[in-house]
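Take a look at the letters that make up each chain.
Protein chains: 2
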Amino acid sequence: MKRGRKCVEEIGEFPLIERIRKILPAAGDKDLLVDIGDDTAVIKLDDRRAMLLTCDIQVEGSHFRFEHITPYQLGRRSMAVNLSDIGAMGGKPTWALVSLGLPAGFPVKGYDRLFEGMRDELQPHGARIVGGNLARTRDFLVVDITLLGEADLPGVLTRGGARAGDRIFVTGTLGASGAGFQVLSAFGKRFPARYKELVKRHLSPTPRVDLGRRIAHAGIATAMIDLSDGVAGDLYHVCTRSGVGAEIHEDRLPLPERIGEVAETSGRSVIDLALHSGEDYELLFTVPPRVPAETVQSVFGESGVPVTEIGSIVERGGGYSLVDARGNRSPLKPAGWDHFRGTETGREVGRS
Amino acid sequence: MKRGRKCVEEIGEFPLIERIRKILPAAGDKDLLVDIGDDTAVIKLDDRRAMLLTCDIQVEGSHFRFEHITPYQLGRRSMAVNLSDIGAMGGKPTWALVSLGLPAGFPVKGYDRLFEGMRDELQPHGARIVGGNLARTRDFLVVDITLLGEADLPGVLTRGGARAGDRIFVTGTLGASGAGFQVLSAFGKRFPARYKELVKRHLSPTPRVDLGRRIAHAGIATAMIDLSDGVAGDLYHVCTRSGVGAEIHEDRLPLPERIGEVAETSGRSVIDLALHSGEDYELLFTVPPRVPAETVQSVFGESGVPVTEIGSIVERGGGYSLVDARGNRSPLKPAGWDHFRGTETGREVGRS
Chain Y
42 MKRGRKCVEE IGEFPLIERI RKILPAAGDK DLLVDIGDDT AVIKLDDRRA
92 MLLTCDIQVE GSHFRFEHIT PYQLGRRSMA VNLSDIGAMG GKPTWALVSL
142 GLPAGFPVKG YDRLFEGMRD ELQPHGARIV GGNLARTRDF LVVDITLLGE
192 ADLPGVLTRG GARAGDRIFV TGTLGASGAG FQVLSAFGKR FPARYKELVK
242 RHLSPTPRVD LGRRIAHAGI ATAMIDLSDG VAGDLYHVCT RSGVGAEIHE
292 DRLPLPERIG EVAETSGRSV IDLALHSGED YELLFTVPPR VPAETVQSVF
342 GESGVPVTEI GSIVERGGGY SLVDARGNRS PLKPAGWDHF RGTETGREVG
392 RS
Chain S
42 MKRGRKCVEE IGEFPLIERI RKILPAAGDK DLLVDIGDDT AVIKLDDRRA
92 MLLTCDIQVE GSHFRFEHIT PYQLGRRSMA VNLSDIGAMG GKPTWALVSL
142 GLPAGFPVKG YDRLFEGMRD ELQPHGARIV GGNLARTRDF LVVDITLLGE
192 ADLPGVLTRG GARAGDRIFV TGTLGASGAG FQVLSAFGKR FPARYKELVK
242 RHLSPTPRVD LGRRIAHAGI ATAMIDLSDG VAGDLYHVCT RSGVGAEIHE
292 DRLPLPERIG EVAETSGRSV IDLALHSGED YELLFTVPPR VPAETVQSVF
342 GESGVPVTEI GSIVERGGGY SLVDARGNRS PLKPAGWDHF RGTETGREVG
392 RS
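Taken in sequence, the protein lines are chains Y and S.
For what it's worth, the numbering used here labels the leading residue of the first sequence as 42, then goes sequentially.
For what it's worth, the numbering used here labels the leading residue of the second sequence as 42, then goes sequentially.
Watch out, some of these pointers could steer you wrong.
Chain copies aren't distinguished; within one or between two, either way the pair holds.
[Said to hold, decoys possible] Straight-line C-alpha distance at most 27 Å; calculated DSSO-like pairs for lysine-lysine: (1) K133 - K150; (2) K133 - K237; (3) K63 - K133; (4) K133 - K85.
Please keep in mind that the hints were generated in silico from the structure rather than gathered at the bench.
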């Protein structure tokens with residue numbers, strides 16, 4: 042095959058996904074509740090239950106490096122990012138399939154650790170690996186996991202339900218994973234101990250599966266997504282799917298400790314790290330005006346996970362903006378970590 | 042991570058799968074009807090229905106080369122090998138997830154063709170792509186497909202049901218794909234026209250999905266598997282899982298036209314190609330003595346696909362053997378195409 046003309050990397054992930062949507066026949070199946078384009082596909086099983094389907098492919102060199110992560114951590118992390126997608130729909134994880142592309146020279150011990158990590162990440166959720174496939178690659182590891190889940194009907198939360206007037210909440214803090222990544226890039230595995238928590242948040246994220254289900258069951262949210270690309274990128278997915286705009290307040294962003302130091306040494310602003318660095322695997326959800334803030338807080342109850350209101354959904358024509366502490370409004374770039382390109386992109390709205 | 046000590050390629054595919062089985066907790070879930078180790082996992086949905094789950098990862102250079110196959114053909118083929126797994130359980134394909142690792146320079150046109158091929162292969166079965174994930178690789182394409190299916194309960198056929206006395210049947214012919222691969226290796230894309238059918242069988246296999254369901258619904262079979270590793274390797278999987286032995290008759294193997302010529306020029310015997318070259322994606326199934334041969338034939342009815350009795354299942358102690366035209370018996374090597382190693386192996390029973 043000739044490898045000339047327009048290439049995939051010139052186009053980027055989301056336009057490539059859009060091409061698939063055009064190639065596939067229009068979904069005519071009434072059981073297909075959510076098609077390509079959300080965190081997971083949703084298939085109606087019966088009147089009360091839906092099946093959730095998600096997958097995530099991770100490539101050595103693009104998504105992880107063994108200089109930074111152990112095979113056990115990688116196993117947990119690869120499973121965690123899938124669990125996070127199921128959690129973002131309000132679902133319960135059930136079954137996993139694991140496909141590996143293994144390079145020559147990959148140690149059997151590392152292979153075992155990888156599966157132990159996956160197992161340990163799944164086990165608290167009562168989920169299990171039930172199949173998979175092994176292949177050889179030339180020189181790097183590929184981990185592709187498909188995770189199934191189940192959700193009650195109604196109650197599945199998608200990216201598409203946000204309405205003008207809804208308030209925007211996020212769990213945990215923003216930018217911790219990105220800051221941890223900066224620490225690892227700067228110092229390698231022997232980073233200063235004070236950054237331990239940030240690095241942990243990067244290497245061993247905690248998917249918010251139980252919280253996702255609580256939010257869905259409580260009926261307090263209109264839309265939900267997990268933060269894999271950075272809040273500015275992920276909220277933009279919600280806006281696109283919901284046909285709305287949004288504004289978020291700079292001074293309300295929940296920041297992790299020591300992010301300021303890391304921002305300084307890495308030459309980026311704290312706000313930039315919080316908005317545009319990905320892989321926090323926290324949840325973002327939108328709450329209609331009729332639901333009081335105390336109700337939202339009560340859902341989080343004894344979870345120990347903070348929840349913060351960071352802004353609100355506006356009409357589509359109201360734009361996509363960041364409001365600073367003085368009330369000045371600037372356009373919010375819907376740019377985040379592009380897992381496909383392996384870079385943080387400065388994609389402009391609609392440029393693709 | 043240190044890449045010393047024992048490496049995955051020293052161990053091979055099936056022992057690696059065995060390690061996963063040991064790492065995972067014992068399956069306690071009553072809904073998990075078939076766990077790791079068969080073509081697909083089987084999960085009970087309700088009293089009448091089961092869900093089937095399979096996946097297949099294909100790596101450029103190991104599983105396919107663009108010197109031989111077009112992106113459209115690759116799309117069809119990658120989906121076909123998954124359809125074949127669903128067919129082998131007697132199931133109906135439903136939903137697919139596609140993960141791609143795309144190398145830099147991969148043309149957008151080829152990307153489109155790949156998905157068009159997948160779509161066209163799924164469409165006759167009423168199945169559909171509902172999700173997936175895109176990533177970048179350094180220099181080769183990775184295609185990983187997860188395919189779901191549904192089957193009626195009871196009626197799912199696994200590798201584990203064969204009993205001594207059962208007769209062994211296969212659909213279609215054996216060795217056509219392997220012979221087609223030899224033709225492509227020798228001549229490249231400009232092979233002599235007389236080998237067109239063999240090459241087609243290699244590049245564009247037809248998964249026996251409808252036949253698989255007919256066999257399952259007719260209740261004539263005790264075990265079934267699709268032929269991906271070569272009949273000698275795949276029948277061995279059935280024997281291992283069922284705790285039995287088998288013998289097959291050399292002169293009963295259904296051979297494709299022109300395989301003799303190809304065997305001669307490639308320096309291999311016809312029988313070797315028929316037994317040990319993989320990727321025919323035909324079905325092998327075992328039929329208990331009480332079912333007359335005419336009943337088996339009648340299931341195939343107007344399908345136009347030949348079905349051939351090639352041998353029989355024997356007691357475990359009866360060995361695993363090949364019987365030649367004179368009645369001489371020799372050990373049948375359970376060796377076939379090792380998709381993991383990317384070679385045809387001469388693995389001995391129990392050596393691993």
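Consistency of the hints with the structure:
For the identical chains of this complex, K133 and K150 are neighbours neither inside a copy (31 Å) nor across copies (38 Å), given an alpha-carbon limit of 27 Å. For a Cα distance limit of 27 Å, the shortest separation of K133 from K237 qualifies neither inside one copy, at 30 Å, nor across copies, at 50 Å. In this homomeric assembly, K63 and K133 come within 27 Å of each other (Cα to Cα) only across copies, at 25 Å, whereas the closest approach inside a single copy is 31 Å. Proximity of K133 to K85 under the C-alpha cut-off of 27 Å is found in both arrangements, the shortest distances being 15 Å within a copy and 17 Å between copies.
Checked against the numbered hints listed earlier, the structure breaks hints 1 and 2; every other hint is satisfied.
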